[in-house]
Structures are given as C-alpha cells and as structure tokens.
Amino acid sequence: MIQIENASRWFGQVIGVNDVTHTIEPGVTALLGMNGAGKSTLLRLITGQIRPTTGSIKVFGNEPFANPEVYKRMGYCPEIDQFYEHRTGRQFVNYLARLAGMSAAEAKTRTDEVLHEVGMADRADKKLAGYSKGMRQRIKLAQAILHDPDIILLDEPLNGLDPVGRREFMSYLHTLAERGKTILVSSHILFEVEQMTKSIMLLHRGRLLAAGDVSLIREYIDKYPHRVRIETPQPREVAAKLIQLPYVLKVEFDEWRGGIELQTRELNQFFAFLPTLTTEENFTITGFSSPDNNLESIFHYLIE
Amino acid sequence: MAHENSSGVLSYARLVTVARISNLTVRYGNFTALDDLSCEIPEGCTGLLGPNGAGKTTLLKTILGFVNPTSGEGTVMGKDIRTDGMAIRQLIGLMPEQDCHIPGMTAVGFVSYAGELSGMPPADALRRAHEVLEYCGLGEARYRNVETYSTGMKQRIKLAQALVHGPKLLLLDEPTNGLDPRGREEMLDLVRSVSHGRGVNVIVSSHLLPDIERVCDRVIVVIKGKLRTAGTIKDLKKLAGQPADVELREPSLAFSNLLMDKGLTVAPPKGNVYRVQSELPPEELLRVVQRAAIESGAQVRGFETAVRTLEEVFLEALTS
Amino acid sequence: MSNIKPIADLSYRNYDGPLKKPGSRWWVIAKNGIRIALKKKALWGLMFVSAWYYLVMLVVLFFVQQVTSSNPAGAQAMKAFMERLIWPDQFLHGFSYAQLPMLIIALMLGAGSIANDNRANAMLVYLSKPCDKREYLFGKWIGIALPIFVIMVVPTIIFYGYGALTFREYGFLKDAWLLPKMLAIIPIAAIFHASIVVGISSMFNQARNASATYAGIYFITNFFTLLMGGIWASSRGETPFPVKHLFYASIDGVLIGVCKAIIGTKGSAPFGIQSPGGVSQVPAPNIAAILGIALLISVVFVLIAWRKIRAVEVIG
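Residue numbers (the numbering used here), protein chains in the order written: chain A, 1 to 304; chain B, 1001 to 1320; chain C, 2001 to 2316.
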C-alpha cells in the first residue's frame, strides 16, 4: 500500500506536486489530471526515482527512493516509448527478468509466461524496431509484471491499442486487482477509466483536488446540482408540475431535441417523486437520465 | 434517390461520393493488406475503424494516393488513385498521428509554409494561415516557435496545417492523441464544427470509439483487409425490438423477478442497469417498470431506449 | 432593407483561391531554407570575409594607383610591381582564399537542411502535400547552391569591373575570356559544396553532427594538400608523379584544380609578392579529369541524400 503524507516536490521554482496526502489501497485507482498537473511527478515519487522535497512517501511502510526492497514489489509501465530497438521483444523481457535477479532458467520460463499473459507469445521474436504501438504497450506491461509485483503503476497504458486490445488490457488489470494487487493507472481517456474503477485521485496544478469514490465526489460538487433529462412529448405540462417541487432548482426546455432538462440537489427525493407523474397522473414520459453522472462531467466541473 | 416533399414535388437528392473504392486488392509481397475491398465514402463525417494491422492504414494510404494496388481501382473526388496521387493530395488535408513539424518556425510560418507547399500563393497562404490558426484556437502563441509547444498545441497546429489549403476531404489519424480531457473535448468540437455545414468531408481514424461516435455520422469497419460493416452510426446502433435500459439506484433481484413474472424479458444486470425487452411503447413500459420498482422497493434512476455501443458493433463485426 | 448581417460569421470558411500545380514546390522549399539562413547574423559577416582577398587587392591597387599618379619616383617601383602581377592569378587567389569562409557559409546554409527535418519528422508534412522527394531534394539543394553562387559572384564581378576600368593598360583585358571563365567556375564550386552538404546533412539527425563531419573532411584533406604542396615546393618540382596530382585530392584541392584548369594558369604568389626561385606552384591538372572528379563527387553525395531521405510512412 502506498501512503503519501504532505508530499511536495519542486524543481527549481516549478512546483511538481504540492502538499499531497492520500493512501492508495489495493484495487484499481485512477490518477487523473490535465497535462502538467503533476501526475508524472507523483508516479516518479512513488516509484522511488525522486525524493519528495518535503513530506513523505511510504510504500509498504518503507521509503521507495533507491530502495531495492521496495522495487522488488513494484512494477512500472511508463509512458515513454523507447527500448533497445535492435533486440527482440523476448530478448528484452528476458534481459529485464535477469536484471530482476532471476536465474537464466527462471527468466526463460517467466518470460514465456508473461508474454503469454499479455498476448505476445507468437509475436515476440521480431525486433522491437518493427513493433506497432500496441505491441510495444504489451511488452511494457510484460516487463512490469515479470516479478509478480504487489504494486503496478501504469502511465497511459492503453495508448495505441485497438478496441479489442483495450478490452483485454482492462480485463487483465481487473484480474490483477482481484488477486489483491494495488494498481495505479494514469490516463486521460475518462470513459475507459470509468469502466476500470470508481476510485480516483484528481491532481490539479500539483495539488490533490479530489480523491475517493466517484459518486461520493459528485455529491460534494455543490456548485453544479445534478442534472436530469426527461424525454416527453408534453414538456410544458411536465415542467409545470416539476417546478412546483421545492428541490427542483431550474428547468430548461431543449429546443433542439424536445424534452426538458432540470437541476436538483436531491436526486433521491426527485426520483422517488417521478413515478407519480407517470403512474398516477398519466403524463407521457418516454425516457429520462442523468447526463452529468459520469466521470467526464465530474472532471469538467472540478477543473473548470 | 428521389423523394417527395410536402407539396408533392419530386426532387432528387444527390448523394455525392467523396471516395469510391472498387474491388481493391493491395499486396505487400505475400501479405494481403486489402482484399477485394469496395466501399463508398459519402459526404459528411465518416469514422474508419479496424484492429491494428487489418488494413485500415493501407486504406488511408490508398485514399492519399500512395499505394499502387495489385488490382482494382478507386477514385477520390474524381481523381484516380493510381495516377493522380499528387492532385489528390492537393485536395486532401492530412493530420498525421505522429509528431511532425518543420524545424525552426513559428506556428504562422509553419502553417503558411504548409499552405505554400500545397500550391497557395504566398500572400494567400499567410492570410489563410492566420485565419485557420484563429479557428483552431491558437491566439498569441502563434508567433512562438513550434518547438516550444505543448502536446495540445502541437495537435492543433497539425490540424491547422491540414486545413490551410481548404481541402475538400480531411483525414484525421488519431486526432486526440496525447490530449488531456479538456483538450480532447476542444479538438472533437473543432472537428465536428468543421465537418458539419462547412462542406468539408472528414474521415476520422481512431481507436477511441466514443470519440468517433461524437464526431462522425457514419462508420466503416475494415477487418483483415475486408470491409465488414458500413452504415450510419444511428442505424448500426439500433437494437431490434426497442428494448429499454433501466438504471436502478441499487441492483434488486426482486425488481427483476417481478418484471419477469409480468412476462417481460429481463437480462442480468450490468452494474445497476437492467435491459428489458417488451412489445409495449416506451411510456407504457416506463409505467410498468416504475410500478414494479415501487413494489420491490427499488428506485428507477434512468430509463432509455437501449442501443448498442459502437464498441459492441465493432466487436460483433470482428467475431462474425 | 439591407440583407447584410451586422455580425460577421468568423467561423471556418473554405478556401477557393488559386492553387498552383505541383512542380513548383522546390522554390518554396529553397526560399524557406534561404530565409532561415539569412536570419543568422554571422552569415552577413562571413560574406565579407569570403571576399577578403579581393578587398585587400582593391585597397593595394588603389594605393598603387594613387602613388603612381602623384609621385614619379615611386612610380618606377610600382610599375615593376604592376608588371609582375598576373591578373588571372588574382582571380585564382580570390577564389581559393574564399574557400574556407565558403565552407562555413555552406555549413550554415545547409548542415541542418535535411538533418533538422529528420529530427522533426518533417517528411511527414512534405509528403502529405503534393510535393515529392525530387522537388524536396532539389529545393534543399538550390537553397544552398544559389546563395553560394551569389556570394562568390558579386565580389568577383566588382573586382573585374574595377580592373577592367582602371588597369587596361596593364594587360587586364589580355584574356577576353577571363570573366566568362570565372562565371563558369563559380557555379561549379556552388554545385560542389551544395551537393556534399546536402548529402552529409541527410546522414544525420543533428545539424552540428553534419557540420562537424564536413568540416572534419575538409580540414583533414586540406592538411594532406598542404603537405603535398610543401613537398612540391621543397623539392622544386622533382618529385615522383603522384605528388603533383595528389595535391588536388581534397575539397579545396578539387576546386582550386578546377579553377586553375579553366583559367589556364598554374598560379603564382599572392599579392604580387616576388616569389623566390620559380618552381613553387603546382601546375594545373587536366581539365577534363578534374571536372570529371568534381562532378562525380557531387553526384555521389546527391545520390546519398536521395537514398537517405526517409520516405516515411505518412500513416504509421
């Protein structure tokens, strides 16, 4: 487990992360933020490549900086895309296995296993220089899981993968999480992050803006009450009814698609009330939804 | 394609084809990249989907006039792909996936240079470069050296250099690559506004299917060198029988059982969402669902006509 | 009632203006290369430095002229000086002493021309436009050759003009073909430098590596030439066959050889200095041979550039 306590790190005058405190539990956690928000710095702090200028980072109770004991239990799948291009994928992974301390025989078996798990078993014998982006991503993941680490950190892991590859990768991460591993994924592709986990860490300009369960975070965004879209051929009548509810703050008519959109802070009360419109008062409603109940809207609201 | 308007007058809607590929086969040595592929890309915004290595890239190269096909033919905006490659590239704008720029120039310099390379006279190129950079959202930064730019700005410049000569067909290869969420939104909005109502046809190649859904009207799916699916996104997403997706506050077995007792088909929930099949019109179905929810103590939080996601369309095309 | 809306629609609009057909892109590329090079202030300084021999001679001759016309006593000495001066050799010296500055100018113009493009993946941009490898290479090449030509030709013509107007009685116009010969030699130098620079630039990802390589070749081969020259001078022409020809086996050597062969002189001491003995200049090489070598080297490097320009996959 990763414990970050008041960690700050700056580079000259440029702040990387600013006073971040959080504990990352086992399971999949998403690390989000705009470009330049400090995600890479945080990952480098956790993987022990740099030390926090103030505060502390502890991985399994130890400081990760230059600490092989911690490294043994961590796997890192970085964003950068540079390998020993003249080697084959298999040779590369094998080399890293040996570097991790495995004997020649162990390294060979483990390399085979790992290549099989990431789906590169049949393609790993060509030179890395000729690999597509997706293949390179798989090799990166392979080297990250070689030593069966308890913590895996991935920076934009799905980059370059086609839809099938993305599905496979995400389900593989899910399997790893179910085995009790701590997985930290940094990604910009919010609709996929949504499918991977409910637990996020949102960095903004170096500070931890939000952390925890996505739906809980949504509750706390006071500035933006929940939006509900209602499809109905009787927008004005339905609106007239809904306006009378004290917890409905705003009702808008959608000229383009028909229907109405309203804002309320009390989702529970609202949805408890809604059935009366259709069942008791016989209004015609053909559909409704909460358009801003997703990660992308939350991100948008938090980071204006 | 003739249709009648409200006053009964017949009129013909011309479906203008932007690119027409007929029985195209492309081989690299022993490897068949495209296998007897025929497709028509009409006006508007088309998404190009396909697994890596399945011929998507070859198809794009073919549209650009770079590939000498083994057999078959094609035209892009009326020009033959075998012989008129240069003329095609004058009418097409390409936004490549990889990072690329001309070293040592400001954004204005780069974009106007790109314009001149496409054949614009220098004065027009400069004027137009400013226009296009403004449109792509680059303000004062356009006077800075391109090498100092962030990823988001680099993507915008790539789009600007593709648009500067006023192409009739725009090819975008992973346009949101490397962009953070806000950058992605802005880029997708840009693409959407160029492709709708401006007479610029767009082909977007991307692995991010929700991006394609947001921007394109139609898709073409290329798998193993063949055309597997083509059609409007709306049509492809339609599910037979108009099922509804019901989202509850929490999953409820009682709710599901109750509905099944009433003769409706209810699929096992995905998270909190149940897919319900019935013959009833939506408003009736909603009433039934809400009554069942009240009875079983569940709360309905969402009710929508179920559609397939584009990802499901793609995966189905892959396995069929 | 006016139909014009008061608020303009500033969203994207199409471009329906003229588009030139492919075939003229090389000039755009060349213009761009020249523009980038002209921004370097050192270039302007080097342009003057490259003409330093002509400048010095202009000053010397002007001084001589003043002295002869005002002081009859010094006139005799000056007259002897003027008789000693071999005019075609002045152009040879002007040309050959310009070579080192010209090397630096060529590198400033061209070392980064293709190297920087390699680093920035610029071929993706070029190839996605109606512009092919031929126009690209030709544009880059002309962007180096043309400025070199202009920088060399201008001082030459100025000096020729001064000489033709002022020193006719001293036999300046004895060889009527002198100017045309120079106008033939200078393009050869431009072609030679541009071809090598373009070839070397295409081999690297960084301008300074290309610069270092060409400069290295230049200096090492030059050292060799100086060595041969020294051997020749000290042995007063009685050396085995190769020295006479190996003298020209360098970048400088090839160009000087071309110049000597076309002008038809074997050279003399610069600035009209009296040279001790007589046989200290290596004779001109065979004109066909030296021209052939110059052309061959140029073609080889252009071919290197052609092969090295990665026609990248625009769709990866």
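I should point out that these hints are in silico values taken from the structure, not numbers from a laboratory. We treat Cβ as the ideally placed atom computed from N, Cα and C, and that holds for glycine. Do not take every clue at face value.
Said to hold, decoys possible - Okay, the calculated bits of chain B under chain C, using three or more residues with CB under 8 Å as the criterion:
1. 1106 to 1120
2. 1194 to 1200
3. 1247 to 1257
Which numbered hints fail: 3
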